[in-house]
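Here the protein sequences line up with chains A and B, keeping their order. The opening position of the first sequence corresponds to residue 1 in my numbering, with each subsequent residue numbered one higher. The opening position of the second sequence corresponds to residue 1 in my numbering, with each subsequent residue numbered one higher.
No lab work stands behind these hints: they were computed from the structure. Take the hints with a grain of salt, since some may be wrong.
[Stated by the list, open to error] Interface residues of chain A toward chain B, partial, derived using beta-carbon atoms under 7 angstroms:
#	residue
1	42
2	44
3	65
4	66
5	206
6	210
7	283
8	284
9	286
10	287
11	301
12	303
13	306
14	356
15	359
Cβ coordinates follow ideal geometry from the N, Cα and C atoms, glycine included.
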Amino acid sequence: MSGPDTQTPVGASVFLSLSGLDDLIRSLKQSGYEVVGPTLRQGAICYDRIHAVQDLPRGWTDRQEPGHYRLERREDDACFGYVVGPQSWKQFLFPPMSTVSLAELSTDGWRVTANDGANEPRFAFLGVRACELAAIAIQDRVFQQAAYTDPIYAARRERALLIAVNCTQAAPTCFCESMHTGPRCSSGFDLALTELDDGFIVEVGSQRGATLIATVATVGVTDEQLQWAEERRSGARKQQRQMPRETARDTVLGNLQHPRWSEVAERCLSCTNCTQVCPTCFCSSVHEVTDLDMTRVERERVWDSCFNLEFSYMNGGAVRNSIRSRYRQWLTHKLGSWHEQFGTSGCVGCGRCITWCPVGIDLTEEVVALAGGST
Amino acid sequence: MAAKPRLAVFKFASCDGCQLTMLDCEDELLALGELLDIVHFLEASDRAEPGPYDVTLVEGSITTPDDAERIRHIRQQSRYLVTIGACATSGGIQALRNWADHEDFLKAVYASPQYIQSLATSTAIAEHVPVDFELRGCPIDKRQLLDVVQSLLHGRKPHTPSHSVCLDCKRRGTVCVMVAQGIPCLGPVTQSGCGALCPAYDRGCYGCFGPSVQPNLVSLTTQFHATGMATPDIVRGLRLFNAYAPEFRHESERLAGDRARECDAPTAIAEEVQS
């Protein structure tokens, strides 16, 4: 057991056993964190509250193709032997529904209380992948730009502890390598785990991580273990798909009248699934909910999507009145104008929009087609 | 104090489930009674006052010549006429008769069919009279009903989104049953309103709230085919509670290669009643 005075420095690694991970989860809960990690639910690996290692999807993996996801048994008992599921950490940092403010009528008139984030929960995320760290960094820019900081996001984000896990395999839908967002977790985490047969190599990424790992029993890492970890991680670099990262922006913005937009619109359901599973999409709408006697009004914010006709409704009608224009809006924003707005692409290469599209539309394929097949 | 707005509820061909939603507003029912004078609601009370009414809720579809006449009278007596539920807004499950011969049904069901007067079609209220607002669902959703009533009282737009059920699944954290389990689901083409109930229990969406706005039926049924679903099963899936809603109807007819009977024009029905 390493004491606070002998903390593992940031950038260094230690070895944590499986029972040590159990202790770590318990330690987090004792420190007042809501621990969220991967669990099995409804035929998929979903992020939910966990209490112990036994809640993790041990021995399970996922098989993903466009429009297709199935759980399968692994030959081993790995805790993190899958890629990414339908949800991202967006669910917790930018909740699907939140109360922005509340107005109540009393004899003194209306009293309005804005949600300043003071009561938002304190999460510890276990199992954050490299593409998801990149997505969180993007949403940080979206929600925390100086003058427009969102108090709910900012409070949850500031309190959140990020325990990353390096991928050891890639799904056919993954393309993080071509987006330079993975598969190796390189920054933005408090701790980063690489799973071995009998435990984890834990890399310390922050002072908060160093303090946390000091609360449980760890041992020093051997060169052999570091070698094994490197071999495991290399498994995630075998990626079938890729995005032409350097040219995607010009391709989508330079071909606004390409016939391909009409072709993809014939397949696109405009159902919003791609935007909802995307870890960076951030559109929402705000509406008021009143009680019957009109003395209490809640201002609610809910996830919304550029694929909804009503989302572009302005005086006189909907601006994007066809599936073609809505799909084009999504892709040109995600890969194109996102750069002007936030300084990066809006895509991290996680492949969720490919897997969870009910008809399997693949944005990497669309970009290649828009470029005339020449990228 | 000004008189409270008068609310009436009327029933046509239907199962009463949508009216029941009003009674399901248990916590809000007393407050609703404070805001409105419920003057005609036979499922709840034997009070049955004549019009005029400020707000009229109409459940059920038009299936008989008498009903085609009755709805015209109700329309004349109503300031706002709101149709509630799949029967009233699209003809309901009973609109399956529109693809069949209703005379055959009469002979099969009734010992003396000559005493039965019914139309060859089951159609939405809006096919017969102007409707101020259509509230979808089989049955309707209680929160949406309260919102529509409130919106009429306060002169604001109702909050009844036209997007797909998928968005609600994602908001509540339900895993897509189509992608993860291969279950055919009408969610991508069905309007929100139920809160995405069925997929949360590992079932595909049945389309109870009718077509979403600009639904891409052809793409979805092509995907159903690709995952091994037979055409007759897809047609049956589309011909449920909202079978006669235009987008579902046209796609099921494209796949089945048949055509439903068109609704008789209200004037033709009126002439039939008079003769």
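Minimum beta-carbon distance criterion (7 angstroms), residue 283 of chain A to chain B: violated, 11 angstroms
Holds or violated: the hint that residue 359 of chain A contacts chain B, with Cβ atoms closer than 7 angstroms. OK, holds: residue 359 of chain A within 7 angstroms of chain B, min 5 angstroms.
Proposed interface contact between residue 66 of chain A and chain B, which counts if any beta carbon pair is under 7 angstroms: It is violated, given that the least Cβ distance between residue 66 of chain A and chain B is near 10 angstroms, above 7 angstroms.
The hint names residue 206 of chain A as touching chain B; please verify it with the least Cβ-Cβ distance against 7 angstroms. Status violated, d = 29 angstroms.
Minimum Cβ distance from residue 210 of chain A to chain B below 7 angstroms? Violated. Min distance 33 angstroms.
With a cut-off of 7 angstroms on the beta carbons, see whether residue 44 of chain A makes it to chain B. holds, 4 angstroms
Taking 7 angstroms as the limit, does the beta-carbon of residue 287 of chain A come near enough to a beta-carbon in chain B? At about 6 angstroms, which falls below the 7 angstroms cut-off, the nearest Cβ of chain B leaves the hint on residue 287 of chain A intact, so it holds.
Restraint outcome when residue 286 of chain A is required to lie within 7 angstroms of chain B by C-beta distance: violated, 12 angstroms
At a threshold of 7 angstroms, is the proposed contact between residue 284 of chain A and chain B supported by beta-carbon distances? Result: violated, 11 angstroms to nearest chain B Cβ.
Restraint outcome when residue 356 of chain A is required to lie within 7 angstroms of chain B by C-beta distance: holds, 5 angstroms
With a cut-off of 7 angstroms, does the beta carbon of residue 303 of chain A approach a beta carbon of chain B closely enough for the hint to hold? holds, 6 angstroms
Given a cut of 7 angstroms on the nearest C-beta pair, is the interface hint for residue 42 of chain A held or broken against chain B? Nearest chain B Cβ about 4 angstroms off; hint holds.
The structure fails to meet hints 3, 4, 5, 6, 7, 8, 9, 11, 13 from the earlier list, while all remaining hints are met.
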